[in-house]
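Model the full assembly from the supplied sequences, consistent with the hints where possible.
Top line first, the protein sequences correspond to chains A and B. Quick note: to get our numbering, add 2 to the position in the first sequence (first position is 1). Quick note: to get our numbering, add 358 to the position in the second sequence (first position is 1).
Hints may contain errors.
Said to hold, decoys possible - Result set (DSS-like, lysine-lysine): computed pairs, CA atoms no more than 30 angstroms apart in a straight line: (1) Lys392/B / Lys426/B; (2) Lys488/B / Lys85/A; (3) Lys488/B / Lys456/B; (4) Lys88/A / Lys497/B; (5) Lys85/A / Lys212/A; (6) Lys88/A / Lys488/B; (7) Lys385/B / Lys119/A; (8) Lys119/A / Lys497/B; (9) Lys404/B / Lys488/B.
As the list claims (entries may be wrong) - Output of the computed footprint for chain A on chain B, the stretches with three or more beta carbons under 8 angstroms from beta carbons of chain A: (10) 382 to 394; (11) 400 to 409; (12) 481 to 495; (13) 523 to 532.
Stated by the list, open to error - Computed, partial: chain A to chain B, Cβ under 8 angstroms: (14) Gly60; (15) Val101; (16) Ala103; (17) Val104; (18) Cys105; (19) Asn108; (20) Asn131; (21) Asp133; (22) Trp238; (23) Tyr240.
Keep in mind that the hints were calculated from the coordinates and are not lab data. Virtual Cβ for every residue (Gly too), placed ideally from N, Cα, C.
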Amino acid sequence: MSVVTLTIDDELVSAQEGDTLLAVLRERGIDIPTLCHLDGLSERGGCRLCMVEMVGAGRLQAACATQVQEGMVVRTHSERLIKYRKMILELLFAERNHVCAVCVMNGNCELQWEAAKIGMDHVRYEYLNPDLSMDVSHERYGLDHNRCILCMRCVRVCDEIEGAHVWDAMGRGVNSRVIIDLNQPWGTSQSCTSCGKCVQVCPTGALFNKGATVAEMEKQHNFLRWILDGRERNVWSYSNGK
Amino acid sequence: MNKIKFATAWLGGCSGCHMSFLDLDEKLIDLADKIELVYSPIADVKEFPEGVDVTLVEGAVANLDNLKLAQEIRARSRLVVSFGDCAVTGNVPSLRNKLGIDDLLTAVYHEGPGRHPTGGDEVMPKLLPKVLPLHQVVKVDAFLPGCPPDADRIWAAVSALLAGEPVVLEPEMRTFG
Chain A
3 MSVVTLTIDD ELVSAQEGDT LLAVLRERGI DIPTLCHLDG LSERGGCRLC MVEMVGAGRL
63 QAACATQVQE GMVVRTHSER LIKYRKMILE LLFAERNHVC AVCVMNGNCE LQWEAAKIGM
123 DHVRYEYLNP DLSMDVSHER YGLDHNRCIL CMRCVRVCDE IEGAHVWDAM GRGVNSRVII
183 DLNQPWGTSQ SCTSCGKCVQ VCPTGALFNK GATVAEMEKQ HNFLRWILDG RERNVWSYSN
243 GK
Chain B
359 MNKIKFATAW LGGCSGCHMS FLDLDEKLID LADKIELVYS PIADVKEFPE GVDVTLVEGA
419 VANLDNLKLA QEIRARSRLV VSFGDCAVTG NVPSLRNKLG IDDLLTAVYH EGPGRHPTGG
479 DEVMPKLLPK VLPLHQVVKV DAFLPGCPPD ADRIWAAVSA LLAGEPVVLE PEMRTFG
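Have a look at this one:
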């Protein structure tokens, strides 16, 4: 693999050809918000939080879905980008009913934390307050559309890692929903293996263990690393539990 | 030195933010030296006074009384602070927003046990169609999220306000919930 040289925030950086820009930013310790990205899953470029400015490109690019190229000149934290990221988070909060105070993920939620990090201390848009349902027909897990941000991590982990492809999405715009099989109650799904990977990768309280109450859910992403290390690199054990 | 005219108000909320305010404990004594508490649910004042320097407002705007008080507060305060998640986001009171008011009153009162209040009279203020965060009703100068904001957050915000500085909270101190 050849090496490419690019400029990130006025600094010359070398990276492997084929790397995503997000991977290079993370490797250099540049903190950039993401919600749909998760190490180990394919990139979706859906949440748009990792958008960066690129000299010569007319529009902003999602760092997770952009490969590094020779001579690229990138800005990661301009005023415009921070303004847009804040707007995206506010729109996410306005679109559904994210009432942190009564959410199972309160204190552990990625959406809640990204908002606090960027300084979103209130939402300037009108809340839509949609009337959304919950599905608690599965014996172990629950789905709460009120908290879903349509990151599609559940869809991807179920398809790419578990290989069951239970999850999908239907509808358009604010009417989009994640669905189970052919849009049926979770408990009636014959393809769901009840592995719980979707629950663990969900960044918010949209997917949860039944029985968890306010602020009781915490999610574990490590399993993805373990599975992929085994599959791709034949690494099966970790010293000191790392 | 003139004391800072300080007020707190309680709109559609559970009073948890005020409880948390009392959790300032011994800092309340420092605070008492610097401020004059001119209006608050914990001080028996009937009318919101004129010429207030800082007002912390707990609770969402859920009914006409809340709306009227919010407008009075804005007109008579130099700085208005959304105090806690209900004021900042609508929070738990806004969970009713997906229901129409008639459906809501029917479900809770008319179909419930006992005599139901009629609403819209002098006893029970009329509900607004939607519960709103304070900043959608009046201009708000600073936001203090949290359900409730803990005493450290409140102190960080209040001490900035008393010093005449803008309220800038650390990320850990500005999470909702």
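Hints and how they fare:
no.	hint	verdict
1	Lys392/B / Lys426/B	29 angstroms, holds
2	Lys488/B / Lys85/A	28 angstroms, holds
3	Lys488/B / Lys456/B	8 angstroms, holds
4	Lys88/A / Lys497/B	20 angstroms, holds
5	Lys85/A / Lys212/A	37 angstroms, violated
6	Lys88/A / Lys488/B	25 angstroms, holds
7	Lys385/B / Lys119/A	28 angstroms, holds
8	Lys119/A / Lys497/B	24 angstroms, holds
9	Lys404/B / Lys488/B	27 angstroms, holds
10	382 to 394	violated (count 0)
11	400 to 409	violated (count 0)
12	481 to 495	holds (count 4)
13	523 to 532	holds (count 4)
14	Gly60	33 angstroms, violated
15	Val101	6 angstroms, holds
16	Ala103	4 angstroms, holds
17	Val104	6 angstroms, holds
18	Cys105	7 angstroms, holds
19	Asn108	4 angstroms, holds
20	Asn131	4 angstroms, holds
21	Asp133	4 angstroms, holds
22	Trp238	38 angstroms, violated
23	Tyr240	30 angstroms, violated
The earlier numbered hints that this structure contradicts are 5, 10, 11, 14, 22, 23.
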